[in-house]
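Chemist: Spelled out, the chains give:
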Amino acid sequence: MRLKNTLLALSTIAFFGVQAQDVQETFSGTRILNGHSVETLKKKTLQFRIEHRFGDMLPGWDASELAQSWLGFDQASDIRFAFEYGISDKLMIGLGRSKGTGLPYRSLIDGFAKYRILTQNKTTKMPLSMTFIGTSTLSYMKASPDVTQVQHFPKFAHRMAYCAQLNMARKFGDRFSLALMPTYVHRNYVDVNDVNGLFALGAAFNLKFTKEMGIIAEYYHAFHDNTVRTNNFNSLSAGFEYATNGHVFKVVMTNAKGFNETQFIPGTYSDWLNGEFRLGFSITRNFKL
Amino acid sequence: MNKLLLILLVSCVSVLLLISTTGAAEIQKISDDQVSNSSLEDVLSELGLGKYTHSMNGYDEEKAKMGKDLILNGRTRKEGKKSKRISSYFVCTDCHNLGQEFKALESEDASDRLTFSKENGLPFLPGSTFYGIYNRTSFYNNDYVKKYGDLVTNARDTLENSVQLCAKYCSSGRYLKDWELEAIMHYFKKNELHIKDLDLSEATLNSLRNMPTLSETERETLKNELMNSHRTSYSATFLPTMDVNLRKFGEGGNVENGKLIYNKSCLHCHANRRVTYLNLDNDRLSAKMFVKNLKNYKDKSLYQIIRYGTYAKAGRKQYMPLYTEEKMSDDQINDLVAYIKQLANK
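The listed protein sequences correspond, in order, to chains A and B.
Residue numbers are given in the numbering used here: position 63 of the first sequence equals residue 63, and the series is strictly consecutive.
Residue numbers are given in the numbering used here: position 266 of the second sequence equals residue 266, and the series is strictly consecutive.
Hints in this document: simulated from the structure, not taken from any laboratory.
A hint or two may mislead.
As a list, the in silico EDC-like pairs of lysine to aspartate or glutamate whose alpha-carbon atoms are at most 20 Å apart [to be verified]: (1) 259(B) - 330(B); (2) 288(B) - 174(A); (3) 298(B) - 212(A); (4) 190(B) - 33(B); (5) 292(B) - 271(A); (6) 125(A) - 281(B); (7) 42(A) - 281(B); (8) 196(B) - 32(B); (9) 122(A) - 281(B); (10) 341(B) - 74(A); (11) 341(B) - 174(A); (12) 295(B) - 212(A); (13) 346(B) - 174(A); (14) 68(B) - 192(B); (15) 300(B) - 212(A).
Using C-beta positions, here's what the derived DEER-type ranges look like [claimed, not checked]: (16) 292(B) - 156(A): 54 to 60 Å; (17) 346(B) - 115(A): 33 to 39 Å; (18) 289(A) - 220(B): 37 to 43 Å; (19) 148(B) - 182(A): 39 to 45 Å; (20) 93(A) - 315(B): 21 to 27 Å; (21) 281(A) - 106(B): 57 to 63 Å; (22) 345(B) - 227(A): 56 to 62 Å; (23) 315(B) - 182(A): 50 to 56 Å; (24) 178(A) - 345(B): 46 to 52 Å; (25) 292(B) - 166(A): 35 to 41 Å; (26) 44(A) - 33(B): 43 to 49 Å.
Since the structure is predicted, the reported quantities are computational estimates derived from the model, not experimental observations.
Every residue gets a Cβ at the ideal spot worked out from N, C-alpha and C, and that includes glycine.
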């Protein structure tokens with residue numbers, strides 16, 4: 001009987017392909033909000049991304065700022081343009097350019113590779129999906145003559161920062177997904193009251209109301225010595241997603257200013273409780289090559 | 001002298017008898033095996049129908065293999081190098097099966113096709129199968145002119161041209177190079193129909209065994225029998241989106257058939273975004289999206305999308321082909337809706 005069931009399962013898998021049994025759309029798109037999701041691009045899909053974070057909406061809860069900067073729309077905390085590509089259904093790479101928050105540096109080029117190690121699957125009873133992400137950023141901003149500044153960049157390597165992340169997620173039923181993201185960030189050159197390497201644990205959920213619409217929340221808790229890093233806050237974001245055929249449109253409210261794990265995990269200095277949160281959006285467009 | 005004449009006469013008669021007996025033996029040499037393995041084209045040609053315009057004397061195994069590779073993967077290896085993909089968006093098998101789709105080859109009835117699909121675990125696709133395509137003489141029939149206009153003019157009576165039309169327009173790709181088209185034609189030739197593939201009566205088989213001795217009337221009957229035992233073309237009727245007042249919304253629909261259609265038609269392309277960006281699964285959210293749109297005429301209404309499909313446009317060349325009435329009947333759409341409603345309320 002067991003042999004018969006195994007043969008039946010194998011023939012089903014052979015016919016539909018293993019992927020047909022895979023749990024799909026754990027998150028919409030390759031990003032949750034600021035950080036990565038477990039999803040990867042399909043093979044030979046090129047994605048163009050435009051991501052934007054506006055300025056503080058109500059800094060110091062000063063209502064006059066609301067009108068003055070029009071909900072922060074007048075400022076751009078960070079802007080990222082990127083091309084990302086699916087080499088296989090499991091492996092994708094990306095190359096992006098972002099403005100950078102200036103905390104501590106600007107003008108960033110980022111590159112990453114992302115590999116799907118596990119896929120939640122009802123047939124094989126795989127309980128979760130998992131991807132590994134390795135990212136790196138390089139600041140090409142003009143070096144400052146001020147030797148006390150991080151932007152002084154005594155060596156070229158000081159412009160680099162890295163991040164390694166294990167992204168684990170599980171979809172519960174049809175609507176709800178949960179993710180945990182243990183992360184390590186290393187920056188080659190930091191300020192005197194900062195640390196080069198730190199661990200962080202991210203957590204996120206996605207609740208879909210309909211096939212197209214849903215809400216998302218994402219939080220990264222950085223583990224560091226509070227006596228050394230005194231001005232830092234953890235990145236907390238909430239968002240709304242609308243997916244159409246070929247587009248995923250996400251609107252986000254976050255205290256983090258920058259893109260890339262090397263910026264928003266160690267370099268968030270804005271406090272939700274002080275009105276220092278901003279609107280942001282990301283638009284993606286896929287092309288089949 | 002009389003004796004000599006008698007001997008001569010007996011000898012002549014014997015020789016004549018021997019000749020006639022030998023001749024009869026030659027005619028009866030059309031064995032069952034020979035009949036079974038005869039190519040349908042050859043037999044029809046023998047019966048006076050002539051050869052197809054795309055007729056080929058034989059096929060090259062290597063070319064046929066490359067042809068199959070092109071059909072399955074859109075590319076193959078030629079002289080050790082990977083060829084350029086025909087289309088970035090589709091391969092032939094996204095819309096066409098390669099094997100038999102009907103138990104009775106002369107049928108084109110949608111419910112017969114679904115039954116055969118169910119029994120044999122086949123995808124239930126909008127295009128006609130490549131099985132026996134070598135033995136067809138008409139393509140892009142009937143209403144396909146509504147979709148492709150003048151493009152069908154040269155494709156309707158020529159298999160090679162219809163393959164080119166499919167490669168360039170239906171698959172949002174490019175025209176095939178000569179060697180690619182040749183390879184695909186060799187694959188088609190390799191998979192042409194033989195007498196053994198047809199469901200023929202014993203009387204027809206007997207006529208085939210004794211073909212050289214048949215009278216004109218018998219030959220005509222045999223020809224008709226053979227022509228009626230397979231299809232030389234598949235009809236294509238485009239139906240308008242069903243009026244909302246005529247829709248049954250799954251009432252009386254066969255849920256099991258509907259599930260089969262969802263899995264073997266919709267998910268063939270939409271599961272895990274295999275061909276398209278719209279991801280579908282056997283989940284409530286996908287079903288609820290369809291249920292919400294059942295009463296309208298938008299793309300997310302099953303009544304609309306199945307009959308009209310979508311069209312390729314700049315920046316998004318992958319599109320959904322429509323299902324003709326022959327490929328999915330209104331009753332089958334009702335079955336599908338019945339399943340979708342059940343799935344939404346699961």
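Chemist: Taken at face value, is the distance from the CA of residue 212(A) to the CA of residue 300(B) at most 20 Å?
Modeler: Roughly 12 Å separates the two Cα atoms, so the pair holds.
Chemist: Indicate whether the distance between the beta carbons of residue 315(B) and residue 182(A) respects the range 50 to 56 Å.
Modeler: With a Cβ separation near 38 Å, residue 315(B) and residue 182(A) fall outside 50 to 56 Å, so the hint is violated.
Chemist: Does residue 125(A) pair with residue 281(B) here, judged by a C-alpha cut-off of 20 Å?
Modeler: holds (17 Å)
Chemist: Does the alpha-carbon distance linking residue 42(A) and residue 281(B) stay inside the 20 Å limit?
Modeler: Status holds; Cα separation ~17 Å.
Chemist: Are residue 292(B) and residue 156(A) spaced within 54 to 60 Å by their CB atoms?
Modeler: This hint holds: roughly 56 Å between Cβ atoms.
Chemist: Falls inside 35 to 41 Å, the C-beta gap from residue 292(B) to residue 166(A)?
Modeler: holds (38 Å)
Chemist: Sort out whether residue 271(A) lies within 20 Å of residue 292(B), counting only the CA atoms.
Modeler: Given that 20 Å is the threshold and the Cα spacing comes to 41 Å, the pair is violated.
Chemist: Could you say whether the range 39 to 45 Å given as a hint is met by the Cβ separation of residue 148(B) and residue 182(A)?
Modeler: Given range 39 to 45 Å: violated, Cβ gap about 55 Å.
Chemist: Given the hinted pair residue 298(B) and residue 212(A), is their Cα-Cα distance within 20 Å?
Modeler: Satisfied, since the Cα-Cα distance of roughly 15 Å is no more than 20 Å.
Chemist: Is residue 190(B) within 20 Å of residue 33(B), Cα to Cα?
Modeler: Given that 20 Å is the threshold and the Cα spacing comes to 18 Å, the pair holds.
Chemist: Checking one constraint from the list: CA of residue 295(B) to CA of residue 212(A), max 20 Å. Satisfied?
Modeler: Answer holds: residue 295(B) to residue 212(A) is near 19 Å, not above 20 Å.
Chemist: Falls inside 57 to 63 Å, the C-beta gap from residue 281(A) to residue 106(B)?
Modeler: Once the Cβ atoms are compared, 58 Å apart, the range 57 to 63 Å for residue 106(B) and residue 281(A) holds.
In this structure, the earlier hints numbered 5, 10, 18, 19, 23, 24 are contradicted, and the remaining ones agree with it.
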